[in-house]
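J.: The residues making up each chain are set out below.
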Amino acid sequence: MKNILEYLEKTAEKNPHKIGFTDEKREVSFLQLMNNSKKIAGSLKSLSKNSPVAIMIERSVECIESMFAAVYAGCFYTVIDIHSPLSRINEIFQALKPGAVITDNDSLSIAGQLKYLSEEDSENIQLILYEEAVKDHIDNKFLSRARLYMIDSDPLYVLFTSGSSGTPKGTVLSHRSVINYIEWVSEEFSFSQTTIFGSQTPLYFSMSVTDLFSTLKCGGTYTLIPKMMFSFPVKLIEYMNSRQINTIYWVPSALAIASNWNLFQYEKLMYIEKVLFAGEVMPVKHLNYWIRFLPKCVYANLFGPTETTDICTFYVIDREFKDDEQLPIGKPCNNCDVFLLTEDGRMAAPGEEGEIAVRGSFLASGYYNDPEKTEAAFPQNPLNKSYPERIYKTGDLARLNEKGEYIYISRKDFQIKRMGYRIELGEIEAAAISLKGIKSAAAVCDSESGRILLICEGKVKEPEQISETLKKKIPSYMLPDEIIKIKVMPYNANGKIDRAKLKKYITTDRKMR
Amino acid sequence: MKELLKILHEIKPDVNFEGRTDLFSSGDLDSMNIIMLVSEINDEFDVDIKVPDIIPENFNSTENIMKLIKKLQDEEI
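Residue numbers (numbering that gives the first Met the number 0), protein chains in the order written: chain A, 0 to 512; chain B, 0 to 76.
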């Protein structure tokens, strides 16, 4: 197997009329999805092989059809967050230089405002309207010619994340990486034809790869849960029950909605069997709430960056954890090697802390149009002097516990030193979240003053009281210099705590308080 | 109503909320905003909005939000 489309084609052959993809408005079978993608692909005939195609369509079945259309045409796709500021979309276009943009009537006006598209050389960029393209007939001759020369190391998609410098960084993922990852994840969690995913994550976020491509492979159902449902928790549950959703893979902040509103007191999830999460640290307090109401579900903590497709280690919850304990990130996925590197480039001893490094087929090919950043993040394996072998250095610190499980410590740049003590902001956060009344907490370090600030959301008492209880949980040198109570924690488009925004709040204005 | 509009204005300064009936369906307010809105209303009007009340019908217009607040205030007494 060398192309992700083979998953779709096999499933469409085996079970053509089964509903595979649904959103609020539409549901399509595997056969319909495949045919629509093939039709749209016809509009991309003039593009050369491995050209970037930008998709500017709201999270929907139409968006998914357009993604696979790019692949059918021998190209790769980048899904654009159409709600992000125009300046950011322009930056992404500068880095990506797409040969075509697929949009629909709803988003056409946004595409029309892009500077990149109105520039002189934009005549070479095709603007394709979904509603028009999908009316085309299927050109099988073109499709088989495009497929003939595709190999598994060709790019499937480029996913943009905001680098620490603020400029978007496009991670290139090949068919091979995604196939290897999907083989592991679908096997490990026994996804099948009966798996009905309730997808929370946007299609421009690496986590969406798991639900989307597992559905393609296994022939289950991929249900897009509209973003608005997460505003109205009762509606969310009703929606999930009406669609018989049995598997979710969400960011912890989305799972926390249930515990923060005490939702399960009022409404029950009827079909849920598997609850997977990744993207940020899962506070055990929120997990325990789920386990209390839904003890029979499988729960798993997955860990990994976009650069390892989605995940590189995982831990299936197999024992009890107290609210102030931390979940392990577990062990490496099958066919993926993870090890810890020390500052001086050797393998960390058991229990010793090191940077998580990954090797194997899950790895991205690098960053698009950015050889310097690629070189820095994907260096030669320092433990291998014998032949060329790239690894990915995650920038995350971890150690092995006595059970042989990886324990996440923090981002490398989150770790700070004060008065000779090494301080983990993540530990401060974990301690704060475990306190009663705290819904969400984030610790940040003001790089100028070196002060540690703890930002909390919740029905708490006074900041002084938080400080008092924290003293019982963490050593005094770790206590934050200031505790700030805010009305609501800012979240980014993926649903994770927006740390960049938090830093801005506390340095420029404090209106949020 | 004045207080409510003030709260809404603080959450989203660039949107005019008066007389609107599509606060959430229009996309002007999102899931983060509702948490903030509920927490502000609870503080300002001294009520306790619970999850069954957090439905689009109650929150899509300023009138309906006010109705909900009144209902909860009456229940308190």
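None of these hints come from the bench; they were simulated from the model. Hints may be right or wrong, so weigh each one.
To be verified - Here are the simulated DSBU-like pairs of lysine-lysine, each with C-alpha atoms no more than 30 angstroms apart in a straight line:
id : chain 1 : residue 1 : chain 2 : residue 2
1  : B       : Lys70     : A       : Lys502
2  : A       : Lys267    : B       : Lys1
3  : A       : Lys458    : A       : Lys500
4  : A       : Lys321    : A       : Lys96
5  : A       : Lys96     : B       : Lys70
6  : A       : Lys458    : B       : Lys70
7  : A       : Lys402    : A       : Lys392
8  : B       : Lys70     : A       : Lys295
9  : A       : Lys24     : B       : Lys11
10 : B       : Lys69     : A       : Lys471
11 : A       : Lys96     : A       : Lys500
12 : A       : Lys134    : A       : Lys38
13 : B       : Lys70     : A       : Lys495
14 : A       : Lys503    : B       : Lys5
15 : A       : Lys267    : B       : Lys5
Computed from a predicted structure; not experimentally measured.
J.: Now look at each hint and say whether the structure bears it out.
T.: Status of each hint after checking the structure:
1. B:Lys70 with A:Lys502: Answer violated: B:Lys70 to A:Lys502 is near 39 angstroms, above 30 angstroms.
2. A:Lys267 with B:Lys1: Not OK: A:Lys267 and B:Lys1 at ~37 angstroms, beyond 30 angstroms, violated.
3. A:Lys458 with A:Lys500: holds (22 angstroms)
4. A:Lys321 with A:Lys96: violated (49 angstroms)
5. A:Lys96 with B:Lys70: Answer violated: A:Lys96 to B:Lys70 is near 56 angstroms, above 30 angstroms.
6. A:Lys458 with B:Lys70: holds (23 angstroms)
7. A:Lys402 with A:Lys392: holds (24 angstroms)
8. B:Lys70 with A:Lys295: At roughly 38 angstroms apart (the allowed maximum being 30 angstroms), A:Lys295 and B:Lys70 break the hint.
9. A:Lys24 with B:Lys11: This hinted pair holds, its Cα atoms lying about 28 angstroms apart.
10. B:Lys69 with A:Lys471: violated (42 angstroms)
11. A:Lys96 with A:Lys500: holds (28 angstroms)
12. A:Lys134 with A:Lys38: holds (7 angstroms)
13. B:Lys70 with A:Lys495: violated (34 angstroms)
14. A:Lys503 with B:Lys5: The hint holds at about 24 angstroms.
15. A:Lys267 with B:Lys5: violated (35 angstroms)
Hint compliance for this structure: hints 1, 2, 4, 5, 8, 10, 13, 15 are broken, all remaining hints hold.
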